[in-house]
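Chain residues, written in single-letter form:
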Amino acid sequence: MIEVTRRQFLKLSGATAATLAVIELGFDPKKAQAASKELKIAESKVTPTICPYCSVGCGILVHVKNDDVVYTEGDPDHPINRSTLCSKGNSVRQLFTSDRRVKKPMYRAPGSNTWEEKDWDWTLDRIAEKIKETRDKTFVTHDDGMPVNRTEAIANLGGAALENEECYLIVKLMRSLGLTNIEHQARI
Amino acid sequence: MTNHWNDIQFSDCMLVIGGNPAENHPISMKYVTKAKKNGGKLITVDPRFTRTAAVSDIYAPMRSGTDIAFIGGLINYVLENKLYHDEYVRKYTNASFIISEDYDFEDGIFTGYDEDSRSYEKSTWVFERDEEGNIVKDESLSHPRTVYQMMKKHFSRYDVETVCSVTGTPKEDYLKVAETFCGTGAKEKTGTIMYAMGTTQHTVGSQNIRAYGMLQLLLGNVGRAGGGVNALRGECNVQGSTDFGLLFHLMPGYIGAPTQSERHQSLDAYNENETPAAGFWSNKPKFLASYLKAQYGKNATKANDFGYDFFPKGRRNYSHISLFESMYDGEIKGMLIWGQNPMVGGANVRKVRAALQKLDWLVAMDLWETETAAFWKEKAGSNPAEVQTEVFMLPAAGPFEKEGSVTNSGRWMQYRWKAIDPKNDSRSDSWFAHNLAIRLQKLYANDNSEIAKPFKAMDWSFGDSDYPDMDLVNREINGYDLNTGRTVNHFADLKDDGTTSSGNWIYAGFYPDAAPGEEKNYAKRRDDKDTGMENYLNWSYAWPANRRILYNRASADLNGKPWSSDKEGIWYDKAAETWTGYDVPDFGVATSPSDPGWENPFIMLPDGKGGLFAAGMAEGPFPEHYEPYESPVPNAFSSVQLNPAVKIWGGDMNQKGEAADFPIVATTYRLTEHWQSGSMTRNLEWPSEIMPHMFVELSEELAKEKGIKEKDKVVISSARGEIEAFAMVTKRFKPYSVRGQKVHHVGMPWHYGYEGIATGSIANYLTPHIGDANTMIPEYKAFLCDVRRA
Amino acid sequence: MAYAKLVDVTICTGCRGCMVACKNWNDLPVDTRDYQGSYQSHDKPNGKTWNVLQMKEYENQSGGFEWLFRHQACMHCEEAACVKVCPEVAITTTDMGNVVIDQEKCVGCTYCVQNCPFGIVELAEYVNADGEKAERAQKCDMCNDRIHEGLEPACAVTCPLDAIVFGTKEEMLELAKERLEEAKLTYPDAQIYDPPGVDGTNMIYLLAHPPEVYDLPPNPKVPTSAVVWKDYAQPLGKALLGVTTMAVFTGFITNKLFNKEGHGHDTEEGGEINEETKQ
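Protein chains in written order, with my numbering: chain A, 135 to 322; chain B, 2 to 791; chain C, 9 to 287.
It is worth saying that the hints were derived from the structure and are not from the lab.
Honestly, I wouldn't trust all of these hints.
[What the hints assert, rightly or not] For lysine-lysine, the following BS3-like pairs were computed, each having C-alpha atoms within a straight-line distance of at most 25 Å:
(1) C:Lys56 - C:Lys238
(2) C:Lys264 - C:Lys64
(3) A:Lys264 - B:Lys457
(4) A:Lys174 - C:Lys113
(5) B:Lys710 - C:Lys268
[Stated by the list, open to error] A short, non-exhaustive set of chain A residues, derived as facing chain C with CB atoms under 8 Å:
(6) Thr206
(7) Leu219
(8) Cys220
(9) Ser225
(10) Lys252
In this text, all values refer to a predicted model and were calculated from it rather than measured experimentally.
Ideal placement from N, C-alpha and C gives every residue a C-beta, glycine not left out.
Let the hints inform the model, and build the full structure from the sequences given.
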C-alpha cells in the first residue's frame with residue numbers, strides 16, 4: 135500500500151560476492167546527482183556487513199565515498215532485520231569516522247606514565263620475544279610422567295567480537311604454544 | 002538458541018526471563034511483535050520493569066536470583082494441573098525411566114555429597130537397568146521411582162505460596178504467568194523461553210537453564226517452531242567464539258580439552274573415556290582426529306596419535322575468575338587480550354586491577370584505548386611508577402575494515418565483507434595472529450629443544466601474503482578429504498584414520514565439496530527467499546549441517562506428522578521413505594517407523610530422550626533453589642543456603658557482604674544504547690549522547706528512606722568497594738515482600754568506565770568473585786549493597 | 009500530494025534507532041546533556057537533535073503502570089505557524105507536504121521558535137558554503153532529500169517495529185485507523201492525533217492515551233495574528249505598497265506580532281531587512 139518503496143538492492147549470490155563493488159543500486163544515482171542537493175549516498179560504494187554489537191546478526195550496508203564512510207544503514211535484503219536497526223546498529227559509521235581510534239601501536243615501558251608510539255615491526259618482534267621468553271621459562275613438557283606440554287604463565291583473553299576465522303587462528307596459535315589459560319567473554 | 006530469531010513469530014507465548022530483548026536485542030522485537038499480532042502473548046519476568054516489560058501482556062516482578070523457585074513453581078503447576086504435552090513427555094523424554102533406588106534427596110542435598118570438596122559423587126544419579134543393561138521404564142508413569150513421579154515429588158515443594166514468598170512476585174501476577182505459559186502444553190501450541198545473562202550470571206546459572214529446559218520438555222516446546230530454549234546471547238560472535246573453543250575447557254566444536262589425568266593419558270585413553278556408546282557423540286574420535294590433523298598437518302600421524310601429545314593438558318580449572326586469581330597470585334606473567342576489557346567487564350574489578358599490576362607484560366588489541374590497556378594509569382587508581390608491566394596497545398581494524406564470518410545466536414554463520422581499508426595504522430586481529438605466528442616460528446627455527454617441538458609441530462599454511470588468506474582459513478575450518486584435496490561435505494565424512502582434517506567439525510559442510518581454487522563459502526550466501534517457515538535455508542549457513550531448528554524431529558508426532566499444521570518443521574514422507582520438510586532434519590533422514598530410534602528425537606544424547614532427570618550437572622539431577630552467595634534472606638526450601646557445589650574463593654579481596662551491613666539486593670545489566678564494557682559505544686558520539694551518564698536505579702520508597710532525591714549523586718557500596726553514580730528514582734523499581742520482609746533492590750548498568758566520551762563508575766568494583774558450579778560464570782546479577790547520598 | 013509519517017506509539021519499544029539514524033543521515037552535531045534523571049536524553053527536539061524519544065512513566069486510570077515511548081519530531085503542520093510567521097519566506101511547505109527551512113534565507117529571528125505550537129523548532133549553528141557560521145532555525149525536514157528521491161525518511165526505514173511508517177497522508181490515516189481498532193483492545197483511550205487546529209499534521213500519531221498524557225497540546229492552533237498577517241495583510245500589503253516597502257513593514261510588524269520574547273533581535277533584524285530593501 136505504500137507507494138514510496140524502500141530501496142531495492144540486487145541480490146548478491148555467493149559466487150559474485152567477492153566483487154561487491156559492483157552492487158547495483160535500485161535508484162538512478164545520476165538522477166540523484168541532478169537533484170538540487172546531492173544525495174549523500176549517490177555513487178557510494180556499498181558493502182554488506184553484519185552488525186558488530188549484539189548477537190541478532192543484523193545486516194548493515196556500508197556506504198563508502200572518497201575513502202570515507204558516508205552512511206551506514208540496515209540491509210533491506212537481510213531476512214532478520216530487513217533494513218531496520220536499533221540505536222547501536224545505527225552507530226557503526228562512527229566506528230570508522232571516530233578520531234578516538236588508536237592510531238599506531240603504542241608501548242608503555244615499566245614504571246612509565248606515558249605511551250610511546252612504535253612501529254609494527256618493532257612491536258611484533260618485542261611481543262614475540264616476550265612470549266618466547268615467558269614460555270620457555272615456564273614450559274612444562276611432562277608432569278607426573280605424562281606429556282602435558284603446557285605453560286600456565288601466559289593467558290589469552292578474547293574475543294566474542296572477533297570473526298570465526300580470527301578465533302580459529304588465535305586458538306590454533308595459543309594451543310600450539312601450550313596455553314591452558316584461554317578464556318573470553320562467553321564465560322563472564 | 003535452539004531456534005532462531007525469525008522463528009519467534011510462530012510462538013503462542015514468549016516467556017522472557019533473564020533477558021531483555023527490547024533493550025539488548027531490539028531487532029528481535031520485530032518477531033515478538035509479529036507473534037503478538039497473531040495472538041501470541043508476551044510475558045516478562047524480571048526484577049525491574051524494563052523496556053520489554055513495557056510492551057508485555059504480563060509483567061511479573063521476581064527477586065533477582067530466584068529463577069529456580071519461579072520455574073520450579075511452574076513445573077509444579079504443570080504437573081499438578083496435568084498441563085503437560087502427554088505424548089511428547091511419555092515418548093520423547095526420560096519421564097518413564099526408573100531411577101536407581103540409591104538415589105535420594107533430602108533437605109537441599111542429593112545423594113553423594115562430599116562437604117569437604119563441596120562436590121558430588123554422582124554414581125547414584127542413574128537409572129535402573131535390566132540384566133541386559135537396558136534402562137527399565139514404565140510408560141504408564143505410575144511407578145513411584147519413574148523420573149516423572151520423582152520429579153513430581155521434588156517440585157511438589159514448589160507450591161505457589163512458597164514460591165511467591167521467595168520470589169516476591171505478587172500471587173495474582175504469578176498465576177497469570179502460570180496459566181498463560183503453561184497453556185502451551187496443548188499439542189497444537191508452542192511457547193518459547195528467551196533468556197540471556199540474567200539467567201546465567203548466578204551461582205545457580207546452569208540449573209536455571211536446566212529448569213527452563215525441563216519446563217519446555219514438559220510442555221512439548223522443544224524442537225518446534227515458536228518453541229525452544231533460546232539463549233539470546235550478547236555479542237556478535239559469542240556463539241562463534243564459543244564454537245571455536247576460546248575457552249580453557251574446550252577444543253573447537255565442543256570437544257572437551259584433554260587434561261592431565263589418567264583418563265586422558267593418550268589419544269586411545271581419551272577416546273575410550275570420553276566417547277559415549279550411543280548418540281551422535283559416538284563419532285567423537287573422528288572429530289578429534291580430524292581436528293588434530295588440522296592443528297598439526299603433516300606432523301599429525303597415526304604413529305604419533307595425530308600429535309595428541311603436543312596438545313597442552315591442563316591440570317585444573319582455568320576459567321575467568323580462576324585466571325585472575327592465579328594472575329593475582331603471580332602465576333601468570335603475560336597476557337594477550339583481543340577486544341575484551343576485564344577492567345570493566347570482569348567481576349571484582351579491584352582484584353582484576355591488582356592482578357594486572359602483577360603482569361610482566363600485557364598486549365591489548367582493540368580499536369580504542371580501553372580501561373584494561375590503561376590499567377596502569379592514575380585515572381585507573383594505579384600509581385604508574387609502581388606498575389612494572391610492559392604494555393602494548395595495538396590498533397585493531399574495525400568490523401568492516403576486514404573480512405570474515407560471525408555466527409549469530411541462531412547459529413547463522415554470516416560473512417562480513419571488507420568495505421574500506423583499516424583506519425590509521427590499524428590491522429585486523431587475524432593479521433596480528435598471523436604475523437605473530439610467523440615471527441615466533443622464526444624465533445624457534447633453530448631451537449630443537451623439547452619445549453620447541455609442540456609449537457613447531459603446528460601447521461600454519463595460510464598463504465605467503467602479509468594478511469592470512471581467509472579462503473584458506475575457511476577451507477581448513479571446514480575440513481578436507483586429504484586423499485582427494487577436496488573439502489568435505491558434511492561432518493559425517495570425517496574419519497578417525499588421519500585421512501580427513503577439520504578445524505571445527507560442527508562447521509564441516511559450510512564449504513562443501515570444493516576443489517582447490519574453487520570458492521564455495523556458504524557463509525556468503527545471500528538468497529533471502531523464504532524457503533518455508535522463515536528458515537531461509539539458502540541464506541548464509543547454520544551449523545550443524547545448515548539446520549535452523551535443533552531437535553526438529555520433535556516437531557513431528559509418533560507417526561512422523563507435525564503436531565500442529567501451522568508449526569510444521571519436518572515430517573516423514575512415507576511414500577519416499579524419508580524425512581523431509583522446511584528444515585534440514587536433525588535426525589537420520591532414512592529412519593523409518595520400524596527403526597528402533599524412531600522415537601528418539603534427541604540424537605545428541607545416548608538414549609535419544611529429553612533429559613528431565615540429568616546427571617551431567619554439578620549440583621544435582623533436578624534443579625533446586627539455593628539463595629545467591631549474598632542474599633538478604635534464609636533459603637525457604639531447605640537449610641542449605643548456598644549452592645553446595647560452588648567453589649568459594651578465599652584469600653585477599655574476596656570479602657563477602659552480610660545482610661546486616663549491606664541489606665539491599667543489587668543487580669547489573671546492559672542498556673540498548675551501550676554495549677558490553679562500553680569501549681565500542683562510549684567512544685562514539687551518538688550512543689554516548691543518548692545514554693551519557695552512569696546511574697543507579699532505585700525505587701521511590703528506597704529513595705525516601707535514604708533521603709535521596711532525583712539526580713542526586715549517590716554512593717553504592719558492597720563488601721568489595723564503593724562507587725558513585727547519579728540516582729535514578731523510578732516507579733519501575735519496587736521493593737519486594739520476601740517471606741514477610743521488605744527487601745529493597747537497586748540496579749545499574751555495567752557499561753561505564755574511565756575511558757571514552759561517556760564515562761562513569763565501573764559497576765564491577767562491587768561484584769564478587771563467585772561463580773556457577775558448572776561454568777564458573779560470575780554472579781553479577783545478585784549481590785548485596787548499600788546506598789547513601791554522596 | 010501530501011505525504012505523512014505515522015508514529016504508532018502503542019508498539020514502540022524505545023530502542024531509539026530513529027534518533028541515531030536521524031543524526032547519521034543528516035550529519036547532525038553532538039548534543040550531549042547533563043544528567044536528566046531518567047533514560048530520556050533530551051527534554052525535547054532541538055536544532056541539533058531533530059528527533060527525541062520521550063520516555064515517560066505513567067500510572068494509568070486503573071492503577072496500572074506504563075512506560076510510554078514517543079518519537080517526537082517536527083509535526084509538519086498543514087497550516088504551519090512557522091511558515092506563516094517567517095519574515096524571510098525561509099520556511100516553506102514542499103509539494104510532498106513536509107515543512108522545510110532554508111538556512112540560507114533564515115536570519116535567526118526566532119519567530120518560528122516562539123510560535124511553533126509544539127515547541128520543536130530551535131536555532132543551532134549553521135555553516136554555509138563559505139564556511140561562515142550563524143545561528144539558524146533547524147528541525148526535522150522529513151528527510152526532504154530522501155523523500156524527493158523516492159526513499160523513506162531515515163527514521164521510518166530504521167524502525168524495527170514499523171512504529172514509524174511513511175506514505176501518503178491518505179494511506180497513513182487509513183493505516184492509523186486500522187491500527188486504532190487493534191490498539192483499542194489494549195488501550196481504550198487510544199486515538200489518532202492529527203490536530204485540526206493546524207489543519208492536520210503530516211506527522212500523525214496513534215496514541216495510547218489522550219494527548220495531554222504525552223505533553224502534547226490537545227488542540228494546537230496557529231496564532232490568529234499569524235494567520236491574519238500571512239494570509240491577508242501581507243499579500244494585500246504587497247499589492248498596495250509594493251514589495252520593497254512592504255518588506256520594511258514586514259520587519260516591523262512581524263517583530264511586534266511574533267517576537268514574544270521581546271528581546272534581542274531588533275537590531276539584527278533591521279540590518280537584515282536593510283540588506284533586503286537594497287535589492
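Satisfaction of the Cys220 of chain A interface hint, Cβ to chain C closer than 8 Å: holds, 4 Å
Given hint Lys252 of chain A near chain C, where the shortest CB pair must fall under 8 Å: violated, 32 Å
Going straight from one Cα to the other, do Lys710 of chain B and Lys268 of chain C come out at no more than 25 Å? Given that 25 Å is the threshold and the Cα spacing comes to 35 Å, the pair is violated.
So if I understand the rule, the pair passes when the alpha-carbon distance is 25 Å or less; does Lys56 of chain C with Lys238 of chain C pass? violated, 28 Å
Hint check: 8 Å Cβ-Cβ cutoff, Leu219 of chain A to chain C: For Leu219 of chain A, the interface hint holds, since the closest Cβ of chain C sits about 5 Å away, which is under 8 Å.
Is the hint on Ser225 of chain A kept, meaning its closest Cβ partner in chain C is under 8 Å away? Holds: closest Cβ of chain C sits about 6 Å from Ser225 of chain A, inside 8 Å.
Hold the hint about Thr206 of chain A up to the distance rule: shortest CB distance to chain C must be less than 8 Å. This hint holds: Thr206 of chain A lies near chain C, its Cβ roughly 7 Å from the closest one there, short of 8 Å.
Between Lys174 of chain A and Lys113 of chain C, is the straight-line Cα distance small enough, at 25 Å or below? Satisfied, since the Cα-Cα distance of roughly 22 Å is no more than 25 Å.
Decide if the proposed pair is consistent with the structure: Lys264 of chain A and Lys457 of chain B, CA atoms, cutoff 25 Å inclusive. holds, 18 Å
Lys264 of chain C and Lys64 of chain C were given as a pair; does the straight-line alpha-carbon distance stay at or below 25 Å? At roughly 37 Å apart (the allowed maximum being 25 Å), Lys64 of chain C and Lys264 of chain C break the hint.
Comparing the model with each numbered hint stated earlier shows that hints 1, 2, 5 and 10 do not hold.
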